[in-house]
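> Chain by chain, the residues:
Protein chains: 4
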Amino acid sequence: MTGESVGVGVIGAGFISEYHLAGLAAAGGANVRILMGRTPARVQALAGRFNIPNVTSDYRAVLDRRDVDAVIVATPDDTHEEIAVAAAAAGKAVLLQKPMACSSAGCRRIIAAARKAGIHLQVSFMHRYFEEVIRLSELLKTDKLGPVFAVRIRNATPGPDWQDWFFSRERVGGGVVLQLGVHGIDLCRHLFGDILAVGARVALQRTDRILADGRTVRPDNEDHALALYRFRDGQLGSHEMSLSEVHGCDRFRLEIYCADATLWLRTEKGLLAVYAPELTGSRGWFIPDLPSPPLGQRQHAHWLDVVRGRVPSDRTAEDGLATLLVAEAIYRSAANGREEQVENAAPT
Amino acid sequence: MTGESVGVGVIGAGFISEYHLAGLAAAGGANVRILMGRTPARVQALAGRFNIPNVTSDYRAVLDRRDVDAVIVATPDDTHEEIAVAAAAAGKAVLLQKPMACSSAGCRRIIAAARKAGIHLQVSFMHRYFEEVIRLSELLKTDKLGPVFAVRIRNATPGPDWQDWFFSRERVGGGVVLQLGVHGIDLCRHLFGDILAVGARVALQRTDRILADGRTVRPDNEDHALALYRFRDGQLGSHEMSLSEVHGCDRFRLEIYCADATLWLRTEKGLLAVYAPELTGSRGWFIPDLPSPPLGQRQHAHWLDVVRGRVPSDRTAEDGLATLLVAEAIYRSAANGREEQVENAAPT
Amino acid sequence: MTGESVGVGVIGAGFISEYHLAGLAAAGGANVRILMGRTPARVQALAGRFNIPNVTSDYRAVLDRRDVDAVIVATPDDTHEEIAVAAAAAGKAVLLQKPMACSSAGCRRIIAAARKAGIHLQVSFMHRYFEEVIRLSELLKTDKLGPVFAVRIRNATPGPDWQDWFFSRERVGGGVVLQLGVHGIDLCRHLFGDILAVGARVALQRTDRILADGRTVRPDNEDHALALYRFRDGQLGSHEMSLSEVHGCDRFRLEIYCADATLWLRTEKGLLAVYAPELTGSRGWFIPDLPSPPLGQRQHAHWLDVVRGRVPSDRTAEDGLATLLVAEAIYRSAANGREEQVENAAPT
Amino acid sequence: MTGESVGVGVIGAGFISEYHLAGLAAAGGANVRILMGRTPARVQALAGRFNIPNVTSDYRAVLDRRDVDAVIVATPDDTHEEIAVAAAAAGKAVLLQKPMACSSAGCRRIIAAARKAGIHLQVSFMHRYFEEVIRLSELLKTDKLGPVFAVRIRNATPGPDWQDWFFSRERVGGGVVLQLGVHGIDLCRHLFGDILAVGARVALQRTDRILADGRTVRPDNEDHALALYRFRDGQLGSHEMSLSEVHGCDRFRLEIYCADATLWLRTEKGLLAVYAPELTGSRGWFIPDLPSPPLGQRQHAHWLDVVRGRVPSDRTAEDGLATLLVAEAIYRSAANGREEQVENAAPT
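If you read the sequences in order, they're chains A, B, C and D.
When the letters of the first sequence are read in order and numbered with our numbering, they come out as residues 20 to 367.
When the letters of the second sequence are read in order and numbered with our numbering, they come out as residues 20 to 367.
When the letters of the third sequence are read in order and numbered with our numbering, they come out as residues 20 to 367.
When the letters of the fourth sequence are read in order and numbered with our numbering, they come out as residues 20 to 367.
Because the hints were derived from the structure by calculation, they are not lab data.
Heads up, the list lumps identical chains together, so a pair's fine if it works in one copy or across two of them.
In silico lysine to aspartate or glutamate, EDC-like type, Cα no more than 16 Å apart, as pairs:
#1 Lys160 - Glu297
#2 Lys288 - Asp269
#3 Lys288 - Asp308
#4 Lys160 - Asp252
This one's a predicted model, so the numbers in the text were calculated from it and none came from an experiment.
Start from the sequences and build out the full structure, keeping to the hints where you can.
As structure tokens, this is what we get:
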């Protein structure tokens, strides 16, 4: 760190790296020194757009740099563990793209490596930083909504068409649950606490995928999943995850049913819609105005503050592990037709 | 039947009887001879509004009348079986309010009684006759939507507050699954075919209910249920049922995800919203205009035609039984934490 | 009046008479003795549906009845004056369908006749009784909205296709301004006070009309009008009136812009949408739940109370005249391209 | 121009300059050499964000540069004429922020200077480049909508609070009509052709304005205007312009009523909503998916192509003048209470 500016290396030059680069630019306080990616044209273009002085195709070249204090790892899922462990060993703070790894065992190894190296390890759960989620989180802290009875969430997209590895169980460690569902799982845990038990079904609905480059892929991992959750405090939840919807929802749809309130996020009523007579004093829907800062600004400002030691480290690494444990319970339940307990994330 | 006008007796004078009386009036072709109800003031008022010449507090007085060809049974759930069996024995055509009975065994006994007496037995599933459902049903018959991948449905109300028997397992035979969920179960079966297996959780969320008359009731039956369905053709479904939502949805919300289309019923986009590029020729949502005939007209016109022998009897009695079998699978799954097979409705 | 029940005669058996008959039924307290209409089949059907014991094709037969205390006049516009004057002379209370008459001179003659006879004379402005209008009216009485800056209203339909007289200036006394615009004019005056000056343009857009019975009509009256209003308290208003929109709005759309609030009626946001940070305590849209009593119940209950002397007579007769004076100012302005003062409704 | 890259100077560093800088970046093909602004901190910040190597507080320093081929003028309205005339004399292509000048006479002088210098002169009407406007424009070229009957548009904001000059008639040359209304006037002319005659009212509703920096300003120019338009082809239009709405619309709301279609832009139904049975084959609203390129990309790509001579110059300079002529007709009509003819933009 030169003064207060954080030297950052970005490992991965795909779609999601743009989100991180734009977020860093909007947050301010970071100097992106180097960008790593496998496709030279893509890396060059992205480096040009964000004024990044160095590029490489080898992640080790990022870790070797002295002017890099922290790295963002946004590579295919099955490479997260190797890169994160190496980055920790190199003493770099790490922000890992979700899913943290392809298995809870991988997550635990990354956490162990970070502890050993004494570095800041975070997992990127972008949805937590959306304005409607932040406002909702504040509302849930009031005593005007009554207990939460039930949660209903949906993550759905038409599925990615720019890479083939998304459709390989080996590369992803699973299917839609790991690729997309982890967003919803984390959002639920973030807002409502631990998920104790899971009942689930998964399916492979689209047996052929045509990629943007014309190739046809035959997926071997699930593209649809339905899960029932039992939360720590007794709430019930249902979670639909899909990579096969022709239209796709806009990131997610979340419905929360409380004793004295109904709250909807990202529906036709708006980003946040609140029906809470105890709170608003009369019966009706309230659609609050929400600020609209640049995408990623809040998340990356927070992360940079963690890296600089200005705020305490958050527990997103442990949450990344806990999310995988829920995903693994989903797979077990889908396989054996039984409700499955979620394994405890706490270290044994 | 005098000429083509059907003599009808209505048994039950509650909220839902108004629906049937208004539907009969809008359909035309029926003469309501007598109304049975337990609360004299209520029965008189309703009889006055719909010009019904006779009232009684004993359902047998309805069945004894020669000028009554057909009866509508809209009494509390635990009386359906006795009255329907007696009506069949009296040779009356019967339209039974849902749920058909408090158990599949009860349903089977009613069906047997109707067969023996050779009378028309129907169960009232009003949602099938909503314009958006009829239009959807037509759309599903085109070949432009691709296979149905998943179904997501929700039935929710704040719960009834005008009677106490709704909150007694003994009187209802269950809770929200039997009172409200059977609408969604029938709608799903009607549109997508048999449900083969069920995974479910139920909960009692509101432990006290304050009725409109000031009394407090302590329910002993579930007011919330989540079910995962596996359909005959492989689709997955999730179904939320609630009597504890502070706001309540408008009858139901239904989302259908197909390979080439997304269809939403009764959402903020309108009664029916269609995203089906293969059908409409371009990418975008289409919100069709729908006719708005008087509520109940279509259903009761159809029923009167069945009673008069103008159209074949529909299979709603068998569907009423099949709906109970799904409900029973929900209760079994909720009790034992396993996916449960739905018992076959076919006679053994 | 026998006891407190009002004997009513309904003169006119068209579309709008159904509204009045349903409203009387929902309000209770009226006995409709006789229905007058020119088309026997239509009159019989309507009388059957609403259990009216007598029918006639001559309005004088209604006025001659002793058991008729009050009449509703819902005939073609150019007959209002003759019938209302005769009804007053016969001592009947009168509820006149809008527009009150084809000219302000006609309105004044009806008012004079009513005064002379000492009968209750009312004009039917149904929009005043809509729930969203009543709630809005209450909101406008709070001091949380700030002064009203501007009003924007639209009345539009595809135009009637069940009669030809709508498209004759002679029969209507004008065109869309008198047929449809008078609703909006009254609503504006009711909510915001007198309109002092008007600038307007009118047009005939559809030069051929195909009626439901297959006939083609060539209208000679305007089917589109735009008016700018200056209100008594300085607000500006714009009012679009159209009988030529292919889709049509649902009765009306009304937008109200205040210093501290924005209020929308009958838009996609719902029947009433309120943006009023001073009132709700935070920035956002509030969509209040509104009751949904049967259409017409409120209006006819109020009218029957006026007829029975239970509440003071409202000033809708004077308002009916004032509405015509605004309409006449619209026509003058459209003819001469100048802003026109609205003539004073007060008797000279 | 070095090769095909256009050397650009941006004159003005306010809110709207960000739009132009982001648009140039998204379009590609421009090198912004220098940024001129009066507030050093603001200029430095903006130059830093967009990597502009030079800054100045004197617009002549921009015009003096040889590496500047083209300038964007986004300064307060009353400086447009002086700067644009000087830029033309310096041989620079000019993109002028709307309103083009404070009067039609000023516009004519700028056009004359550009002609004399032989440079490309354009006026920036950003709304023309919105995706929904482009799609609408394509739809209007089909023969499936029937003739346009009427247009209804609204431009409204809470008003700017970051500068005082907006509230001075002398600095703006008018009020909301020139500041905001010119967007809607241009959009109407762009889509529906010349406006021939205008009837209008204007008002000053908020007599005090509190700026973001705490100062109170007492405006001397109108903040609300209502105009009725008569278009070349007979359509009627109404246009509301407001700087006093507490909430504000999102850029504009536009409703178009055709013989066979209704089209709405930027309403609750979405960016574009189409009711056009002749086009879509069935009755219902269609909400097309629209692309969402970066804001400004289309407009600036087009402008750079004009500057490079790749596409013919558009006629936005003449349109800028025509827009002022409509605005002046609005002011005349508001002053004298008469419909006013719009002066012809063609050179005499």
